[in-house]
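The primary structure of each chain is shown beneath.
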Amino acid sequence: MTDSVFDFKAQPRANSASDSGGSEDGGEGDSDQVTPLTVCTDLPNNMSPNPPRTPKSPKIATSLKKRHRAPGSHKPEGTRVLHTHGRRTLYTAGRPPWYNKEGQLKNAFVIGLCGGSASGKTTVARKIIEYLDVPWVSLVSMDSFYKVLNEEQHKRAEANEYDFDHPDAFDFDLVISTLKRLKEGKSVNVPIYNFATHSREKQMKTIYGANVIIFEGIMAFANPELLKVMDMKVFVDTDSDICLARRLRRDIAERGRDPQGVLKQYMKFVKPSFEHYIEPYMQSADIIVPKGGENDVAVNLIVLHVHNQLQARGFKLRNKQAQASHNGQPMPDTLHILEKTPQVNGMHSFIRDKNTSRDEFIFYSKRLMRLLFEHALSMLPFRETVVETPQGIFYDGRRTSVKRIVGVSILRAGETMEQALCEVCKDVSIGKILIQTNMDTGEPELHYIRLPKDIKDQYIFLLDATVATGAAAMMAIRVLLDHDVPEEKIFLCSLLMAESGVQTVAYAFPKVKIVTTAVDKDVNDKFHILPGIGNFGDRYFGTDFAE
Amino acid sequence: MERGSGACLQIMDPDVIPLYKAVNECKIGSESSQTDNKTRLDGNDHAFANLFDFGPKFIRMRLTDGVRELQTVIRDKATPRNDFIFYADRLIRLVVEEGLNKLPYRKCDVVTPTGQVYEGLRYEKGNCGVSIVRSGEAMEQGLRDCCRSIRIGKILIQSDDDTHDARVVYANLPKDINQRKVLLMYPIMCTGNTVAKALEILEMNNVKEENIILLNLFCTPQSANQLVTKFPGMTILTTEVHPVAPSHFGQKYFGTD
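The listed protein sequences correspond, in order, to chains A and B.
Position 202 (the first sequence) corresponds to 202 in our numbering; numbering is contiguous.
Position 104 (the second sequence) corresponds to 104 in our numbering; numbering is contiguous.
Note that these hints are calculated values from the structure, not bench results.
Misleading hints may appear alongside valid ones.
DSBU-like, lysine-lysine: derived pairs with alpha carbons at most 30 Å apart [claimed, not checked]:
1. K354/A to K125/B
2. K107/B to K521/A
3. K526/A to K354/A
4. K186/A to K432/A
5. K202/A to K456/A
6. K340/A to K57/B
7. K354/A to K521/A
8. K340/A to K102/B
9. K366/A to K252/B
10. K340/A to K208/B
11. K77/B to K426/A
12. K125/B to K340/A
13. K181/B to K366/A
14. K521/A to K340/A
15. K426/A to K252/B
16. K366/A to K102/B
17. K366/A to K432/A
18. K521/A to K102/B
19. K125/B to K102/B
20. K340/A to K107/B
21. K102/B to K57/B
22. K366/A to K107/B
23. K101/A to K228/A
24. K403/A to K252/B
25. K403/A to K77/B
26. K340/A to K181/B
27. K511/A to K340/A
28. K125/B to K366/A
29. K107/B to K354/A
30. K102/B to K354/A
31. K181/B to K208/B
From the derived model, a few chain B residues whose C-beta atoms are all more than 12 Å from chain A [to be verified]:
32. P56
33. R60
34. L156
35. Q158
36. I177
37. Q179
38. N193
39. M204
40. N206
The structure presented is a predicted model; accordingly, all values stated were derived computationally and were not measured.
Ideal placement from N, C-alpha and C gives every residue a C-beta, glycine not left out.
Using the sequences and the accompanying hints, generate a full structural model.
In structure tokens, the structure reads:
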């Protein structure tokens with residue numbers, strides 16, 4: 001349990017695909033949940049090879065050595081539980097780092113799943129997810145990528161005359177670009193296809209990169225470029241009689257369609273399509289799974305292989321970061337330390353003193369934060385401007401050309417800085433990211449993220465009270481980059497940093513501006529800064545009384 | 001918050017003098033002979049500001065782009081009042097923080113929660129603030145936000161409409177003010193007469209010039225010159241020296257324009 005970051009059991013979230021945050025507000029940046037995300041469109045009409053009623057998330061953990069909750073889940077669920085470690089209570093089963101110690105992305109493992117209609121692809125996918133038992137598996141269905149139909153095509157579809165079982169029915173360009181981005185660990189917006197109108201909904205479903213991506217669809221292997229994206233190709237081969245029987249039962253019993261229509265469609269499109277565009281691609285597969293979802297042996301083999309691949313990629317990131325020797329290297333140019341005036345030094349004396357009362361601790365840290373933000377604000381781009389004064393003269397001044405600033409706080413200690421930011425910056429929007437350290441692995445894990453819309457066009461002040469190893473800050477920056485925020489628009493604002501943290505962040509992200517009020521020399525084996533300030537969040541929020 | 005309390009007294013801002021006069025009096029500095037009615041001057045023109053050397057006790061705050069933006073917003077005629085107050089408070093806070101650096105302190109090492117020693121310092125007790133009513137009161141909150149329970153005295157000075165002679169109407173100061181360091185607050189100086197008068201009051205209360213730090217936002221070269229000549233021991237902190245002071249400051253801040 002201790003050696004691998006992939007050992008966590010996520011808890012089940014049935015139907016998570018259709019009721020998660022993104023669909024309410026739509027648009028990017030709305031993905032507040034960091035649970036394993038899955039996509040599956042609810043198909044009101046025909047043509048759905050997979051009824052979306054099955055749990056797509058990693059299946060329940062029977063072992064509760066670690067206990068879990070679904071972070072960001074909207075529904076209170078019985079299994080939302082804590083993990084207690086010593087005196088501390090932690091939530092686990094967050095997302096471990098998906099990048100290496102240089103901050104560069106590690107590719108996700110993509111499994112392609114192909115097979116005829118009603119061949120049992122969904123069952124196989126579900127079983128793989130269940131047996132894999134790792135957090136962060138995304139299931140992407142090809143059904144989301146049907147082309148938008150024009151009026152005439154729409155009418156034909158109503159009359160069962162439109163060929164949905166032809167490669168031309170899919171938007172392969174979009175499929176490829178989406179999967180490529182997902183594989184790189186970046187966030188993507190997947191269209192939601194409406195089978196009643198045969199068009200895309202206005203909202204998009206946001207998926208954030210995962211450890212494992214399963215892509216399934218009848219034409220999954222029909223494009224050579226798409227095949228290149230996949231690390232593993234699985235073909236589900238089920239006897240066509242069985243497929244037809246299932247299809248008939250499903251469409252008639254569950255979707256209320258008449259047998260004639262189903263058969264007509266089957267004879268005219270489904271069967272020829274299988275012979276022309278699906279069966280021939282069986283040779284592209286790495287593994288062929290006969291008997292579909294009932295084949296446990298095949299699924300176990302697949303899972304074993306994926307596990308080996310994942311183990312080979314995982315490593316202890318934080319220790320590497322802490323040990324990474326930047327000793328003796330000069331501090332990076334991107335580091336901006338507040339001038340150490342007597343006042344700044346005096347305020348530091350208050351907040352570092354272990355005997356300082358909480359009242360004073362809060363007061364002086366807030367004063368210091370305000371100076372920090374004034375300093376950071378003056379680093380934004382400015383332009384010359386001329387204003388007219390009430391005294392009748394013109395005045396050559398300066399205004400910043402930045403319209404909006406977004407503060408993104410890293411919970412919990414980063415939140416303490418929000419107020420100070422609001423005091424110096426009107427109309428600032430605030431996003432939040434929860435990153436916590438897994439006490440067993442020492443790795444930071446991403447649990448929750450909520451960012452304002454259009455974040456990619458804004459300047460970002462990333463807030464964390466202290467930066468020791470830089471692991472959490474690095475993960476937060478990685479999240480922002482995955483949301484297409486340009487690196488040079490990120491300001492990492494912190495009250496206190498350790499040299500190693502500065503070096504790590506600056507080395508990984510050389511364009512991120514680092515603004516702080518002081519930099520200390522060392523970090524101890526508990527990742528506390530020395531001489532440091534103690535646990536800032538505990539002292540600020542008063543949760544350290546047990547000490 | 002004292003904001004607006006001075007408004008009911010219906011006093012004039014004593015340092016406000018007609019514009020043409022201010023410009024004329026400051027011709028000494030303006031090399032470029034502008035004859036236009038609307039003079040165009042760059043307040044942050046260092047060449048211009050540096051023509052004046054007001055000695056080591058006269059401190060201009062470091063002009064970052066951020067500070068210049070604050071000055072610009074305060075100067076801008078088009079700034080709505082709530083923005084004006086927001087930006088003015090920010091500038092005031094920066095001046096106060098800078099001014100506090102001039103107060104005495106001693107070395108003081110502290111032990112951090114990790115058991116290590118941090119070489120810090122601690123400020124001495126025995127300071128107080130004095131605001132010159134009314135615009136000086138705008139700075140009181142900024143001082144309060146930094147020093148929560150600091151004592152604050154007040155001086156009200158009015159000027160004669162014709163002669164611009166300043167006259168003390170009211171003064172209420174801490175009794176032991178002569179043993180304290182005094183942070184004198186007055187944001188806009190045109191002639192410097194008001195502050196000069198306030199300093200007379202402080203000296204009458206046995207406050208030494210050396211113990212006074214004037215916190216100011218905008219001043220004219222003329223006022224700076226008068227003060228450093230008359231009170232060479234006093235420390236003056238400002239953000240800008242400019243021939244035309246934003247004399248609408250008090251009116252706009254308190255909303256009495």
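For each hint, the structure was consulted:
The hinted pair formed by K354/A and K125/B meets the criterion: a straight-line CA distance of about 21 Å does not exceed 30 Å. Straight-line distance between C-alpha atoms of K107/B and K521/A comes to about 21 Å, which keeps the hinted pair within the 30 Å bound. Pair hint K526/A plus K354/A holds up; C-alpha atoms about 18 Å apart against a cutoff of 30 Å. Taken as a hint, the K186/A and K432/A pair is honoured in the structure, with Cα atoms around 18 Å apart against an allowance of 30 Å.
For the given pair, K202/A sits about 20 Å from K456/A by alpha-carbon distance, which is consistent with the 30 Å threshold. Taken as a hint, the K340/A and K57/B pair is honoured in the structure, with Cα atoms around 21 Å apart against an allowance of 30 Å. Annotation: proposed proximity of K354/A to K521/A holds, straight-line Cα distance about 19 Å (limit 30 Å). Pair hint K340/A plus K102/B holds up; C-alpha atoms about 14 Å apart against a cutoff of 30 Å.
A C-alpha spacing of about 28 Å is found between K366/A and K252/B, which places the hinted pair at or below 30 Å, so the restraint holds. Between K340/A and K208/B the CA atoms are separated by roughly 29 Å; this keeps the pair inside 30 Å, and the hint holds. At roughly 19 Å between alpha-carbon atoms, K77/B and K426/A fall within 30 Å of each other, so this suggested pair holds. This hinted pair checks out: K125/B and K340/A have alpha carbons roughly 21 Å apart, not beyond 30 Å.
Distance check on the hinted pair: K181/B and K366/A sit about 25 Å apart at the alpha-carbon level, within 30 Å; holds. For the hint pairing K521/A with K340/A, the CA-to-CA distance comes to about 16 Å; that is within 30 Å, so the pair holds. Between K426/A and K252/B, the direct Cα distance comes to roughly 19 Å. Compliance with the 30 Å bound is thereby established for this hinted pair. For the hint linking K366/A to K102/B, the alpha-carbon distance of about 21 Å falls within 30 Å, and the restraint holds.
Among the hinted pairs, K366/A with K432/A is consistent with the structure: their alpha-carbon atoms are about 19 Å apart, no more than 30 Å. A threshold of 30 Å between alpha carbons decides the hint, and for K521/A with K102/B the separation of about 29 Å falls inside it, so the pair holds. Only pairs whose Cα atoms come within 30 Å are accepted, and K125/B paired with K102/B is accepted, the gap being roughly 13 Å. For a cut-off of 30 Å, the pair hint linking K340/A to K107/B stands: about 14 Å separates their Cα positions.
Annotation: proposed proximity of K102/B to K57/B holds, straight-line Cα distance about 11 Å (limit 30 Å). For the given pair, K366/A sits about 23 Å from K107/B by alpha-carbon distance, which is consistent with the 30 Å threshold. Straight-line distance between C-alpha atoms of K101/A and K228/A comes to about 27 Å, which keeps the hinted pair within the 30 Å bound. Between the alpha carbons of K403/A and K252/B the distance comes to roughly 25 Å, so the proposed pair stays at or under 30 Å and holds.
A threshold of 30 Å between alpha carbons decides the hint, and for K403/A with K77/B the separation of about 20 Å falls inside it, so the pair holds. Distance check on the hinted pair: K340/A and K181/B sit about 22 Å apart at the alpha-carbon level, within 30 Å; holds. Pair hint K511/A plus K340/A holds up; C-alpha atoms about 24 Å apart against a cutoff of 30 Å. The hinted pair formed by K125/B and K366/A meets the criterion: a straight-line CA distance of about 21 Å does not exceed 30 Å.
As the CA atoms of K107/B and K354/A are separated by approximately 17 Å, the hinted pair is consistent with the 30 Å bound. Restraint check for K102/B and K354/A: satisfied, since their Cα atoms lie roughly 27 Å apart, inside the 30 Å limit. Restraint check for K181/B and K208/B: satisfied, since their Cα atoms lie roughly 9 Å apart, inside the 30 Å limit. No beta-carbon of chain A comes within 12 Å of the beta-carbon of P56/B; the shortest separation is about 17 Å.
Every Cβ of chain A is farther than 12 Å from the Cβ of R60/B; the closest lies at roughly 15 Å, confirming the non-interface assignment. Non-interface call for L156/B relative to chain A: holds, since the shortest CB-CB distance, roughly 24 Å, exceeds 12 Å. The Cβ of Q158/B sits about 22 Å from the closest Cβ of chain A, beyond the 12 Å cut-off, so the non-interface label holds. No Cβ of chain A approaches the Cβ of I177/B within 12 Å, the least distance being about 23 Å, so the stated non-interface status holds.
For Q179/B, the non-interface assignment is confirmed: its Cβ lies about 21 Å from the closest Cβ of chain A, beyond the 12 Å cut-off. The claim that N193/B lies off the interface holds: its Cβ sits roughly 19 Å from the closest Cβ of chain A, which is beyond the 12 Å cut-off. The beta carbon of M204/B is kept farther than 12 Å from every beta carbon of chain A, the shortest such distance being approximately 31 Å. Every CB of chain A lies more than 12 Å from the CB of N206/B, the least distance being 27 Å, so the non-interface label holds.
Hint compliance for this structure: no hint is broken.
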